[in-house]
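Colleague: Chain residues, written in single-letter form:
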Amino acid sequence: MRLKLVPQETSFDFFKRWKIWLGLSALLMVVAFGSFMLRGLNYGIDFRGGTTIRTESAQPVDVAAYREALGVLGMGDVVISEVFDPAFDDDQNVAMIRIQAQDDEEAVTAEMIAQVRTALQAVAPDIQFVSVESVGPKVSGELIQTAVLAVVLAIGAVLVYIWLRFEWQFALAAVVALVHDVILTIGIFSEVQIKFDLAIIAALLTIVGYSLNDTVVVFDRVRENLRKYKKKSLPEVLNLSINETLSRTVMTSVTTLLALVSLFVLGGDVIRGFVFAMIWGVIVGTYSSVFVASSILLYLGVKRDWSKPSSTSGNQFANVDA
Amino acid sequence: MLQFDLWKKALIWLTCAVGLWLALPNAFYTRVEHHNDAVAAIELGGATPELEQQAGEWPNWMPSALVNLGLDLRGGAHLLAEVQVQDVYANRMQAMWPEIRDALRPERATIGTIRLQPSDSEEIRVRISQPEGMARALQVVRELARPIQTLTGAGSTDIEVRGEGDVLIVTLSEAEKLASDDRTVRQSLEIIRRRIDEVGTREPTIQRQGKDRILIQVPGIGSASELKEIIGTTAQLTFNPVVGRASDPDANPGVGNKIVPSLDEEGVYYTLESAAVVTGEELVDAQPAYDQNGRPAVNFRFNTSGARKFGDYTAENIGSPFAIVLDDEVISAPVIQSHIPGGSGIITGNFTVEESTHLAVLLRAGALPAGLEFLEERTIGPELGQDSIEAGRIATTVAFAAVLVFMALSYGLFGIFANIALLINVGLIFGLLSLIGATLTLPGIAGIVLTVGMAVDANVLVFERIREELKTSRGPARAIELGYEKALSAIVDANITTFITAVILFAMGSGPVRGFAITLGLGIMTSVFTAIYVTRLLIVTWYDRRRPKSIEV
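Which chain is which? The protein sequence lines are A and B, in order.
When you line the first sequence up against my numbering, it's residues 1 to 322, in that order.
When you line the second sequence up against my numbering, it's residues 1001 to 1553, in that order.
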């Protein structure tokens, strides 16, 4: 007996309400973009410069007392948050302290760290600095540029590849789906205010890769079915292709999610944001390759004659009996 | 079509075996690490029974390359420094003055008297008393220009000379600045490497990044500030003639002189000649020592040319003071008592024992040609790294188990074949990582976990296709064959697109992100290999043995 998440034969009609799906996606993108514009992302020091200190102490973290102790140092914007993780021991109380980039300083000075340490020792004598990271404004500015460039390049490269392998309609549809995924991911990060750092960019690019993977598998089947069923209408072919690949789509998403969820729960708090981005990306990516990419393809229409090289333009009946 | 040639079979198994063989040391990480350290120590300093025993923990004939653990897993310090390349220009120009003077002197009949003008440090301004001789002066100085030996600078010379009225201005050419920047960064890199080696930490990463930046990662060091102390000091040592003592740092020192504060005495300044008699570059050795009063000091020795210059100078200037200057601070300004011929001497000052040891290390390793500015620094405590490894290990194991069970439940026997391939796949990733000496970071572990999830994708594609083909084709053999055939284009397209993003991540990213890109990229290669060849070979071998009438996927 096999475990089957998707029945052997499915014939869901994915396009009965394709305008609704596209509308929903468009709405979500607007909401995500609005959230990004209004709330902004909670940039980590990679992107805005500054210093983060991870502290550990046997005593419970008293955020207010920490803030008071550091407030007198006059270091500008200081953000203190407690970190929770099921893997921590009972006497392991962890906090993250983020200090804004100081004027005229590229990286943090040893004196400043010493000041912070002394101030916090007054609150929690056994406090330890498990990690101290500092990024100067010069580098952080460049990191943003590089990150944006990386995402744009990745999407561009993929556009070209799919264009070469398929047709421009496929490439455009796939890229619209990718942009959709990236925007929704940025939207959720601005809405939940999870720290957005360099690792999240890596996650974004992985989402690009994953979502594409899904889209390409569906498109591959569409291409095959377009050759096979020359008389079927485009919506029918698309629907058939999605139904045929549905079992695989679900299987792969589930195995990937299984792996990611275990990493999310057990992998520690350091990479939790990163894994969260990927889990979200897998879900959104799967949705977008079924609903967004295919709907766009339907909207754009495709060349039906795949038996001849694209340069020869025969009439639409040229290969009906071939 | 279903059959594999014998040589292909052999090649597939051989690849797997080699990959797993290379991955094996990582399963015994601490043991192999001890072995490697001990072997390195024996090579360096001879064998001791203790080292021999440590080396014996892992057999020599086994592979011993390990996956490096990144800073976020091992703990340590990370610094990104920018070399202040323009620091060098001033020194270059100052060093040119005697040469220009000597070249112009014989021409005094045409150009009149020559006089060095005060200027910003990146140019030399010379005033001549007969401006009508400027053409000749320019010609003479231009003859001093040397061609540049680099590819980009081919055809240009190192200095640019122009005249403005009665003033002749010499600057470095843009091509020379570029060449000089490159030299400066390379020298700095070398000096930083030497200093870190002197301190004796293990496996530091010291890399040039971009035009003028240097990335330094040292595992196991307590903090980035500690690291900064080792590499942050320029340690530019010079011996300059003393013109006089001064109390006002802003007084006019006179052309060709400079005012330098004393290191120990507050408010004391010396006026020195800018051109040094000898510099730290000509030192061959420096050792911590004690002076005749038992106070910590540093012994030094010059190379032959340095010793000659130092000897000549001391012979000619007995009774006058000279200054020992470290990074533009006077350590001491003793009076020359006698001619010092041997080229060795002692630096005394108010040192502690640590300071004298530290100074000796810096002098031995050589001075940085330019200052460093630190743009980024990270310290990761070893406990945090250990926690991350632990969490990563548990998460990976659970992720693995979940995927294995799920595959077996979904595809039965074929799922188990896929699982075997998956195990081999992870082995291959570690084998490849060890082989290329890549560094495993925390996001890298995430990359492996993601690969575990995605590696089954290729198998899923094939299995689903076989299921479909079973409904229509004639017999299981044909279905398996068609399944592989038809799924191939989807597998290839899907993986190439993901691979493209991994390559871009690798090219654009740094540090942990790069670690992620490497494991993702390698994971894609190995998972395609295992899905297309290993699983298929397993299925084909099984099918040949059993010849089942029908199969269930």
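In short, the hints are calculated from the structure, not lab data.
Note that the structure is a prediction, hence the values are computed from the model and not measured.
In this text, a Cβ means the ideal position worked out from N, Cα and C, and glycines have one as well.
Hints are supplied without guarantee of correctness; some may be wrong.
[What the hints assert, rightly or not] Stretch by stretch, here's where chain A covers chain B in the computed footprint (C-beta under 8 Å, at least three residues):
1) 1299–1307
2) 1327–1340
3) 1403–1412
4) 1449–1457
5) 1495–1504
Colleague: What hints, given by number in increasing order, does this structure fail?
Modeller: 1 and 2
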